[in-house]
Amino acid sequence: MSEYTHLLLAFVAGGFLSVIAQLLIDLTNLTPARILVAYVCSGVLIYGVGAYDPLFEIFGAGVSTPLIGFGASIGRGVREAVEKEGLLGAFSGGLSATATGITVALVSGLVFSLFTKGKAKRL
Amino acid sequence: MDIYTNEGKKEIIKKFTPKTKVLKNTLLAFIFGGLISLGAELLREAYIYFGMSEKDALTLVGVTLILLASLLTALGLFDRIARYAGAGTLVPITGFSNSVTSQALDAKSEGLILGVGAKIFTVAGPVILYGIASGVLYGIIYFIYLYIIR
Amino acid sequence: MKRIKKLDTPPRFISWCAVGGYEEKNGPLGEAFDLCDESDTFGQKTWEMSEGEMGRCALNLALSKCSLSHETLELLVAGDLQNQCVASSVGLDSFGAPFLGIYGACSTCTEALLILSSMIESGAVTTGACVTTSHNSAAERQFRTPLEYGGQRSPSAQWTSTAAGSFVLTSDEELIKNAKLSNVAISDFMIGRIVDGATADGSNMGAAMSFAAAESIIEYFKESELKPRDFDYIVTGDLGKVGTSILRAILEERLPSAAGKHLDCGNLLYDAKRQDVHAGASGCGTSASVLASYFLPRLEEGEIRDILFLSTGALMSPSSVLQGNTIKGIAPVIHIHSSAD
Numbered sequence: 001m002s003e004y005t006h007l008l009l010a011f012v013a014g015g016f017l018s019v020i021a022q023l024l025i026d027l028t029n030l031t032p033a034r035i036l037v038a039y040v041c042s043g044v045l046i047y048g049v050g051a052y053d054p055l056f057e058i059f060g061a062g063v064s065t066p067l068i069g070f071g072a073s074i075g076r077g078v079r080e081a082v083e084k085e086g087l088l089g090a091f092s093g094g095l096s097a098t099a100t101g102i103t104v105a106l107v108s109g110l111v112f113s114l115f116t117k118g119k120a121k122r123l
Numbered sequence: 001m002d003i004y005t006n007e008g009k010k011e012i013i014k015k016f017t018p019k020t021k022v023l024k025n026t027l028l029a030f031i032f033g034g035l036i037s038l039g040a041e042l043l044r045e046a047y048i049y050f051g052m053s054e055k056d057a058l059t060l061v062g063v064t065l066i067l068l069a070s071l072l073t074a075l076g077l078f079d080r081i082a083r084y085a086g087a088g089t090l091v092p093i094t095g096f097s098n099s100v101t102s103q104a105l106d107a108k109s110e111g112l113i114l115g116v117g118a119k120i121f122t123v124a125g126p127v128i129l130y131g132i133a134s135g136v137l138y139g140i141i142y143f144i145y146l147y148i149i150r
Numbered sequence: 001m002k003r004i005k006k007l008d009t010p011p012r013f014i015s016w017c018a019v020g021g022y023e024e025k026n027g028p029l030g031e032a033f034d035l036c037d038e039s040d041t042f043g044q045k046t047w048e049m050s051e052g053e054m055g056r057c058a059l060n061l062a063l064s065k066c067s068l069s070h071e072t073l074e075l076l077v078a079g080d081l082q083n084q085c086v087a088s089s090v091g092l093d094s095f096g097a098p099f100l101g102i103y104g105a106c107s108t109c110t111e112a113l114l115i116l117s118s119m120i121e122s123g124a125v126t127t128g129a130c131v132t133t134s135h136n137s138a139a140e141r142q143f144r145t146p147l148e149y150g151g152q153r154s155p156s157a158q159w160t161s162t163a164a165g166s167f168v169l170t171s172d173e174e175l176i177k178n179a180k181l182s183n184v185a186i187s188d189f190m191i192g193r194i195v196d197g198a199t200a201d202g203s204n205m206g207a208a209m210s211f212a213a214a215e216s217i218i219e220y221f222k223e224s225e226l227k228p229r230d231f232d233y234i235v236t237g238d239l240g241k242v243g244t245s246i247l248r249a250i251l252e253e254r255l256p257s258a259a260g261k262h263l264d265c266g267n268l269l270y271d272a273k274r275q276d277v278h279a280g281a282s283g284c285g286t287s288a289s290v291l292a293s294y295f296l297p298r299l300e301e302g303e304i305r306d307i308l309f310l311s312t313g314a315l316m317s318p319s320s321v322l323q324g325n326t327i328k329g330i331a332p333v334i335h336i337h338s339s340a341d
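Residue numbers (this note's numbering), protein chains in the order written: chain E, 1 to 123; chain F, 1 to 150; chain P, 1 to 341.
Next comes chain E alone, as it looks inside the complex (with noise of 0.2 angstroms):
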């Protein structure tokens, strides 16, 4: 293997999941709201039967940046907080496992909305 092919890995991965969702919205009615939630929970499932790492281990950043890694990210934490703590782990685990993605998300949308606003569409 090349030093470069697991960037090559990474694009390839990140290329072919946007191109799934890519083909749900122009082929069925699917909206983007609804792809996004697929993808979320697709990624918590594919975490649960343990395909996740493995393909992190292959492609990199190609499943993590896409939203299956935010859905594997909240997998893992609860995972790993069901071993720690039981069952409560089952409902602290997720939101903690991504409570700093979501945190920065929200405050930035926050401050940005203080400096600045909604600029008309142009064609």
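Just so you know, these hints were derived from the structure itself, not from any lab. Just so you know, not all the hints are guaranteed correct.
Between beta-carbon pairs, the in silico distance windows are [to be verified]: (1) F:M52 <-> P:G324: 46 to 56 angstroms; (2) E:K119 <-> F:M52: 33 to 43 angstroms; (3) F:F50 <-> E:T103: 22 to 32 angstroms; (4) E:K84 <-> F:A46: 45 to 55 angstroms; (5) P:V86 <-> F:I48: 46 to 56 angstroms.
With a straight-line cut-off of 30 angstroms between C-alpha atoms, the simulated DSSO-like cross-links for lysine-lysine are [stated by the list, open to error]: (6) P:K222 <-> P:K273; (7) P:K25 <-> E:K117; (8) E:K117 <-> F:K108; (9) E:K119 <-> F:K21; (10) F:K119 <-> E:K119; (11) F:K10 <-> P:K261; (12) P:K261 <-> P:K273; (13) F:K21 <-> F:K10; (14) P:K6 <-> P:K261; (15) P:K45 <-> E:K119; (16) P:K273 <-> F:K15; (17) F:K19 <-> P:K273; (18) E:K117 <-> P:K45; (19) F:K108 <-> P:K45; (20) E:K119 <-> F:K108; (21) P:K227 <-> P:K261; (22) P:K25 <-> P:K261; (23) P:K273 <-> F:K21; (24) E:K119 <-> P:K25; (25) P:K6 <-> F:K14; (26) F:K24 <-> F:K14; (27) P:K222 <-> F:K10; (28) F:K119 <-> P:K222.
We treat Cβ as the ideally placed atom computed from N, Cα and C, and that holds for glycine.
The hints should help you fit chains F and P onto chain E, whose structure is shown.
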């Protein structure tokens, strides 16, 4: 042409509605989605190279992409890129960040509490809710497997 | 049932005005607009208020063009796309005129003209005005996604215009005699029926409205003694590319003489080659501003004599669409006639 029944009208609409350019859209989605993931991989390795743990590096990559997408949204550039990128910018964490910031910017005119505060969750809400809910479901199943079955 | 109402005292257009935003100025009719604000804001802080201000400017200009005081207005019929028709009420309160706020989605322009005409015909008022507005940013916020949201529009999607049209109509002989412009009048009208559009796709409203337009045109010529050849144009409001191709195909089959006369305001407002409009313009400002900037001047000059004008409306709400209900279409008709020498 049958213009007096629902079925007839549906057929006419189908016949005359132009198809989306699926090939072009998927190609662009592939390139943009791929490039963002490639950039993320480079960032991740750079963070590790500068001495971060694997786990922290991954979190920081997410934070970087979220901030970048949020900034581009605030500058009014994100929607111009997404017009071409389609799912290529939607599917990476950038799409989540854009949906949060764009709602916040837009809802500003209805005030900070019920405007920004409530509407910021319009798209982020479903993602977080169903992500967390499926996490809980997984947690319960895993708990049963771990403590009861084994 | 007779649907066409002939007007014995056809109310005359003595003034009109078209106002628009950035894209409208850059379109093929930009030069013919009376006023365009390239910032789309009209000096207001929110898009909703910008739409109101745009309507105020449109009526103000129309009144000053015919040197009429706002106190002369016995009736103001106005509508827009916002919830509870609020752009019209915030924009037009300063005129102090008796006000009817109406909602007909993008068919509002024809609906307003038709209501004012029949009020004038009945003798209830002699002079009144109509204003219709739509604003792209306000409509995007209300019906679609936030302005900075990164999404793709489908090829059948239309672009809500940032535009307003205003019209002053009267039957007052003194006013008509003194007016610079007075050749054009509304000679008859036909109220539209609600026709199911058979789709719940908010990005394909032109298709949903095309059946209502077809119904109105076919019914009009069934009842009227006039034939399509008596008209220079049969003008629809905002069917756009998709709706236009459906309507023309239906007319080719059922009323071929009308198909060749058809023009659509949604295809006239922007230049599809330079402006990435997808399927064309929509919004109730579209037909109003194109009527005021393109058709009325040519009618006044006598370049064209008769047009059948149908603004087309897609009746729906964001909730009705989310609940999977189909979009209903409506297309009220007015016959505009010019008596220019």
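Evaluated hints:
| no. | hint | result |
| --- | --- | --- |
| 1 | F:M52 <-> P:G324: 46 to 56 angstroms | 49 angstroms, holds |
| 2 | E:K119 <-> F:M52: 33 to 43 angstroms | 36 angstroms, holds |
| 3 | F:F50 <-> E:T103: 22 to 32 angstroms | 23 angstroms, holds |
| 4 | E:K84 <-> F:A46: 45 to 55 angstroms | 32 angstroms, violated |
| 5 | P:V86 <-> F:I48: 46 to 56 angstroms | 55 angstroms, holds |
| 6 | P:K222 <-> P:K273 | 37 angstroms, violated |
| 7 | P:K25 <-> E:K117 | 24 angstroms, holds |
| 8 | E:K117 <-> F:K108 | 7 angstroms, holds |
| 9 | E:K119 <-> F:K21 | 28 angstroms, holds |
| 10 | F:K119 <-> E:K119 | 17 angstroms, holds |
| 11 | F:K10 <-> P:K261 | 26 angstroms, holds |
| 12 | P:K261 <-> P:K273 | 23 angstroms, holds |
| 13 | F:K21 <-> F:K10 | 21 angstroms, holds |
| 14 | P:K6 <-> P:K261 | 22 angstroms, holds |
| 15 | P:K45 <-> E:K119 | 12 angstroms, holds |
| 16 | P:K273 <-> F:K15 | 24 angstroms, holds |
| 17 | F:K19 <-> P:K273 | 19 angstroms, holds |
| 18 | E:K117 <-> P:K45 | 10 angstroms, holds |
| 19 | F:K108 <-> P:K45 | 11 angstroms, holds |
| 20 | E:K119 <-> F:K108 | 12 angstroms, holds |
| 21 | P:K227 <-> P:K261 | 11 angstroms, holds |
| 22 | P:K25 <-> P:K261 | 27 angstroms, holds |
| 23 | P:K273 <-> F:K21 | 18 angstroms, holds |
| 24 | E:K119 <-> P:K25 | 18 angstroms, holds |
| 25 | P:K6 <-> F:K14 | 38 angstroms, violated |
| 26 | F:K24 <-> F:K14 | 21 angstroms, holds |
| 27 | P:K222 <-> F:K10 | 25 angstroms, holds |
| 28 | F:K119 <-> P:K222 | 51 angstroms, violated |
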